[in-house]
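Given the coordinates of chain V, assemble chain Y onto it according to the supplied hints.
Chains as they are written, first to last, in our numbering: chain V, 1 to 294; chain Y, 295 to 736.
Worth flagging that the hints you see were computed from the coordinates, not collected in a lab. Some hints here could point you the wrong way.
To be verified - Beta-carbon label-pair distances, calculated as ranges: (1) Y:Gly389 x V:Val276: 20 to 30 Å; (2) V:Arg30 x Y:Ser475: 43 to 53 Å; (3) V:Arg60 x Y:Lys377: 45 to 55 Å; (4) V:Gln203 x Y:Arg646: 38 to 48 Å; (5) Y:Ser475 x V:Leu41: 32 to 42 Å.
To be verified - Over the 12 Å line for every Cβ pair with chain V, so calculated as not near, a few chain Y residues: (6) Arg415; (7) Phe508; (8) Glu556; (9) Leu558; (10) Arg563; (11) Phe582; (12) Tyr618; (13) Ser653; (14) Gly683; (15) Val706.
What the hints assert, rightly or not - Think about it this way: if two alpha-carbon atoms lie no more than 25 Å apart in a straight line, the pair counts; the simulated PhoX-like pairs of lysine-lysine are: (16) V:Lys58 x Y:Lys447; (17) V:Lys58 x V:Lys127; (18) V:Lys127 x Y:Lys337; (19) Y:Lys331 x V:Lys127.
Even for Gly, the Cβ is constructed at its ideal location relative to N, Cα and C.
Single-letter residue listing:
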Amino acid sequence: MNRLKKPAQNRNAEAAWVSHTPESQIRHPRLLIRQMFRDLLASRELAWQLLVRDIRAKYRQSFLGIFWAIIPAIVTAVGFSIAKSGGVISLGETDLPYPAYVMFSMTLWQTFVEALQAPIQGVTQAKAMLAKINFPREALILAKLGQVLFNFGIKLMLIVGLFIWFKMPVTMSVILAPVALIHLIMLGTFFGLLLAPIGVLYQDLAMGLTLATGLWLFITPVVYPVPNEGLFGAVVKFNPVTPLLVTTRELATTGAVSDPQGFWWASALAFCGLLVTWVFYRIAMPYVVERVSS
Amino acid sequence: MIVDADNGSNIVGKFEADVRQDETDEVILAVEGISKKFCRDLKRSLFYGMSDIASDLTGLRTKSDRLRTKEFWALDNVSFELKKGEALGLIGKNGSGKSTLLRIIAGLIKPDLGRVRVKGRVAPLIALGAGFSPILTGRENIYTNMSILGLSKREIDAQFDRVVEFAEIGEAIDSPVQTYSSGMAARLGFASAIHTEPDIILIDEVLAVGDSKFKTKCYNKLHELRQKRKSFIMVSHSSHAIATVCESAVYLQKGSKVMGGETLAVIDRYENDLFLGKASKSLGSMSFPAKSAAESTGLDLQALFFRDKHGEAIDSPISGELTYLVMACIVREPISEVSAVVGIRELSGESRLLVYLNSWDGDRQSGQSKYFDLSPGRHEIQIEIPNLGLGLGLYTINIAIRRSKLYLLEKVDSFKFAIKKNPQQTSSSMFFMPHSWKHVEK
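Just chain V, same shape as in the assembly (with noise of 0.2 Å):
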């Protein structure tokens, strides 16, 4: 019987026609638009699937597991506790406790990395899926920043010891957090879908986006708090990541808002960023399958 019902089915998903023309689709902004949230809502189920099945394949084929989403932080926090003690290097003082203050921004910072590289990795790792089959390629990226998201959880708990070993003040701020963090993951996927679709057909990209996010780091206020003087500290403060990832680190500990125009000129940009390159990421995916060896 239910083989009976499957013809009607498909009479009525097939009525429409689909053209795949030269033309460039920014021509019709409307139908672009409605295509791209189409698609949008059409690649959940996908990406779903993409992420389960990259999360078992990743823990599956390791031993120590989920351990290696905090492993850096620590060793990271360790490092600069014991070099900043020993006089090695002088840091100002921060309102937290150092290791916790480091390694609570080195957990934000890693997941501002991971969303900049989810694009890449994303379309890079499925290049040969891209190339043979035509599924949304929204899909990969929500995939990745379903991945990230994961990772986030993990550092969580990191997080929370955190604060219950160095007895950290929480105030009902926190539950803007996420809120806050959300936009450093936009602002993060923003720069990284800029650079995916140049990141396949260029292999230098992926080698100088390793180069860059260390350097990158220096700029950011991680381990070391804000600076207020000077030539660095301006271009600190001209770092969009600076005021997410602080307002973030503010918002689940003291509450206090220290740069809140920033925080809204940031998200703005990863607002409309994000947006744009969606865009440019649809378009861009043809020419660089194209380039793709089937």
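For chain Y alone, coordinates are given in the frame of chain V:
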């Protein structure tokens, strides 16, 4: 027809067949003047890619009908239509643009000119097992693979048992895919792809995998889907595969459509071009320069060629006809016990040895070993072939002429020739079988 273990399918097949007559010939895929340019130089191609993205983003790109440096037309103004329930073959040599066309139809890459209109779900059987993760089990991989192909979890649940049954994976379904044999993985990939219930199925040389039993099963499944009025586009450079599945075909050559229409006519044209094209003048006869006395072994081969049933020298013998293979030679001194060995190989594919004839193995008429005692003068050693068994195609012959089985007099490697099609048989036959049709009432 062998019906798959699926019980419902036959009923549906009949049900659909009844409906079929009421429906008009509904077009579900229209390829309208598609052109696509590619660049052979990688660096340049990457650069063009970036500039194409830029011009698309600014909306300036509408048409791109001019070639840039080092570009060529991979597809040039190709048009055809696919009707509901039709199976269409795309045939052409490697690099003729078949796969590119398929990728444009699948919506993977944008055409440079023209447009493709599609109605319904297109399932590419281009990539079997796309997104398979070797570490995960077969079960988990079916879910990912089928959702990449566009099914929801509920739809996959409904199809799951059928997929496993079709792939003949059995208990291994819960083992990691990396422990599977390549055949098992391919079967799982095909089974997942074919059970996505598509309206148009694109097949790109994928049926080359798996053992012959599974191949048969795949073809039966395709046949079953044909019964359900699904449409196919099948790409192959093998005319045999196309002839078995498709009723119409499009022949591509260097990106242009040479011919489209009924399969056999198209295949005929393709094979004629392939086998008897430009090279035909050098095929089918061979002559050798005269030798000096010092070089001569006593018997000099002058020419190799064929004669037809009237005794006329010809270049391309016709499959199934009475044919003579002629070795013309000059004998300088009396030679006794001359024998010849002829080996025929196919020129394409694995160049298998098809025929091996040895004059001392015994003759058709006498059953005796044949040795020739030759006196000085001109001679023709002929092999009479009443029904030339080889089918349409290109072949190569090795010949050795010996005295007393051992002493080599003359040797020729790779005498190439083409055999033309017999009007009684289609080109899908690999060899000619003498036959006649009869009807006996009992």
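Going through the hints against the structure:
1. Y:Gly389 x V:Val276: 20 to 30 Å: Violated, since Gly389 of chain Y and Val276 of chain V (Cβ atoms, about 39 Å apart) do not stay within the stated range.
2. V:Arg30 x Y:Ser475: 43 to 53 Å: holds, 51 Å
3. V:Arg60 x Y:Lys377: 45 to 55 Å: holds, 47 Å
4. V:Gln203 x Y:Arg646: 38 to 48 Å: holds, 43 Å
5. Y:Ser475 x V:Leu41: 32 to 42 Å: holds, 39 Å
6. Arg415: With a cut-off of 12 Å, Arg415 of chain Y comes too close to chain V, as the shortest Cβ separation is near 7 Å.
7. Phe508: Non-interface label on Phe508 of chain Y holds, nearest chain V Cβ at 21 Å vs cutoff 12 Å.
8. Glu556: holds, 27 Å
9. Leu558: Non-interface label stands for Leu558 of chain Y: nearest chain V Cβ at 30 Å, farther than 12 Å.
10. Arg563: holds, 28 Å
11. Phe582: holds, 46 Å
12. Tyr618: Nearest chain V Cβ is 49 Å from Tyr618 of chain Y, so the label holds.
13. Ser653: Correct as stated: the minimum Cβ-Cβ distance to chain V is 52 Å, above 12 Å.
14. Gly683: Fine: 40 Å to the nearest Cβ keeps Gly683 of chain Y off the interface.
15. Val706: holds, 42 Å
16. V:Lys58 x Y:Lys447: holds, 22 Å
17. V:Lys58 x V:Lys127: holds, 19 Å
18. V:Lys127 x Y:Lys337: Distance of about 19 Å is within 25 Å: holds.
19. Y:Lys331 x V:Lys127: holds, 21 Å
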